[in-house]
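Q: Residues per chain, in single letters:
Protein chains: 2
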Amino acid sequence: MPKDTAEKSTKSKKAYAQAGVDIDLADSIKGGLKDQLARASRPEVLGKAGGFGGLFDLSKSGYKRPVLVSSVDGVGTKLKLAFSSGRHEGVGQDIVNHCVNDVAVLGAEPLFFLDYVGMGKLEPGVFQRLLAGMAKACREAGCALIGGETAQMPGFYKAGEYDLVGSVVGVVEKPKILSGAAIRPGDKLVGLGSSGLHTNGYSLATRIFFNKLRFRMDDRLPGSEVTVADALLEPHANYAGLLQQLLKRFNKGTRSDRRAGNGIFGAAHITGGGFTGNIPRILPEKCDAVVATGAWPKPAVFEILADQGGVTFDELYEVFNMGIGMVLMVAPEAAEDVVRKARRARRPAWIIGEVKAGRGRVHLT
Amino acid sequence: MPKDTAEKSTKSKKAYAQAGVDIDLADSIKGGLKDQLARASRPEVLGKAGGFGGLFDLSKSGYKRPVLVSSVDGVGTKLKLAFSSGRHEGVGQDIVNHCVNDVAVLGAEPLFFLDYVGMGKLEPGVFQRLLAGMAKACREAGCALIGGETAQMPGFYKAGEYDLVGSVVGVVEKPKILSGAAIRPGDKLVGLGSSGLHTNGYSLATRIFFNKLRFRMDDRLPGSEVTVADALLEPHANYAGLLQQLLKRFNKGTRSDRRAGNGIFGAAHITGGGFTGNIPRILPEKCDAVVATGAWPKPAVFEILADQGGVTFDELYEVFNMGIGMVLMVAPEAAEDVVRKARRARRPAWIIGEVKAGRGRVHLT
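Protein chains in written order, with the numbering used here: chain A, 4 to 368; chain B, 4 to 368.
Just chain A, same shape as in the assembly (with noise of 0.2 Å):
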């Protein structure tokens, strides 16, 4: 049952809205969120919209030991971006293929997504093309776009202005989880390009781009086609069901250990902390990554901020993702297929450098 057919008092008389709330208005945008999250959903996905909480019946997905893997982030200061020019469906897209890659490099499928948006008032037209990139990445994920909350905080964020936050969970095979425990000193880095900076670095990124190097949004990026906002608010790629697909192929058995035929152990989402802060997170503690800078074409926008941006060299790696989106750790044998099955489906791939003995570093040369 809708809400909005509840009873309800005269709208001429309503201290809420007063008070900068408006309920009304928030349960009549909920009728365009019931057609985005029938648009984006999956066969386990039960019930209604408008109940208390998403249900997903698992028990119809058909696993047999399943881990649970969740993960919730924001899309941080790259929203200014969207603010300023009035462009809000990319980071829609944005939040949700930030979180499905998440919960992709421990080899799981991206299940259901969740989102909050935190206005200041409710702006109808911003949070439909929200939710319109929202529900498109969930479609081209695979993944349910089960709920979320709307809230209307007045005098909390500007005017215009909002947060927009995602929660997934996806689900893998116990004993198919990229722990990344069977990555050995030999196997290769696959680098996979991203689509820009994605979600980090922005807070540096503007301020290099708009304070220091003074450029505006329509003005051409140098050794590009596109402007420099289209450029910097091309939305976060998804790697979700590419990586799906390369496991299926690479690590066949029931298991993603090091037995015969394996050739994928370890997967890392260059995020917040870049190369130096992420590829730790799964290396084995008796491992160190060996990553060659000059080993893949660097886009434009990454060139600008290395020549021009003042950062240190190893900055510019905790900071930025530098045109790589995500790191695999695979078999040496496996290697050149798995960066010809990513090009075949139209992610460029590189080998970046290797595993070597260590004590879970980075190196970049």
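Keep in mind the hints are simulated off the structure, nothing from the lab.
Do not rely on the hints blindly, as some may be mistaken.
A pair counts as met if it fits within one copy or between any two copies, since identical chains are not told apart.
[What the hints assert, rightly or not] Restricting the straight-line Cα-Cα distance to at most 27 Å, the calculated cross-link-like pairs of lysine-lysine (BS3-like) are:
no. : residue 1 : residue 2
1   : Lys359    : Lys124
2   : Lys161    : Lys83
3   : Lys37     : Lys289
4   : Lys161    : Lys215
5   : Lys124    : Lys215
Based on these hints, arrange chain B on the given structure of chain A.
A: For chain B alone, kept in the frame of chain A given last:
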């Protein structure tokens, strides 16, 4: 492997810190996080903090037909009172309890919780107190604190302010979902007492208390023994444990349907939208709920809102919980026993109305 052993450039040169984001500070805070995660864990939690996603081994929980129930929520403008009073632990409890109640009303056991804190600049003391509150509430709810995200967003939130969002996943055996479909005319409404405003109606309540009635935070609340600050900051009650106990006692079979012996057929969490907005979320289309608003004593904070707030009667019950944080739809022969069991578990409870034939509406008498 902890992130902070990764190689990093020297601090003196960090452009990102100058842009307002301190990765080292963020890493140092994660030390405290690990301790708190460890203290609010469950046997199903796998792996280490610092991975890309939280891992929860559902295969250990012994569910035969597991349906996952998930919800995302924020604390809302109650946070402003935490900022002005410097009291942060309670809002940490708030967000957990709000979330676990949302999955509990569908009959689910809360499994794990993740948080999101968006801040302008990380304030370690504030974050530690939020975390302590969340961990405490998770322990009390038997729910694992499995991870989260702390976002530094310079220029986004005002100094000393933050937004706090929670995400919870619970599980219920499919035939035991409290969908509300079994509710019938004649069922009684059992109201469970709230601890205060919980997390709803704060934009209006603070306007009334501080702007209209000119209270100060330290003033004693008329008709009570506590200060205005204590009353308004009282953490959200957690009903998840009690509801699970009641369901075990009153719905003993393998299904939560109408068969003999079952006693509880629906539950509504009275959050944003009050009685009028939330009871219909669980009512069948052909049922109305008639709430006798005189059936329970109103805590002082609600008496003041009702008597001096200048809010219409209808809107009071559309915005505030008015002393009832959860409503159960109960077989008439079980209602008094449900009330007794709740009270024995130290939760005030009353029969506050009944279900009648209708079309999904709430009537306040």
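Q: So, for every hint listed, does it hold in this structure?
A: We went through each hint and held it up to the structure:
1. Lys359 to Lys124: Neither: 53 Å inside a chain and 37 Å across chains, both beyond 27 Å.
2. Lys161 to Lys83: both (11 Å within a copy, 15 Å between copies)
3. Lys37 to Lys289: between (50 Å within a copy, 22 Å between copies)
4. Lys161 to Lys215: Answer is both; intra-copy 25 Å and inter-copy 24 Å each pass.
5. Lys124 to Lys215: Between copies only: 22 Å across, 33 Å inside.
Going through the hint list in order, the structure does not satisfy hint 1, though it satisfies all others.
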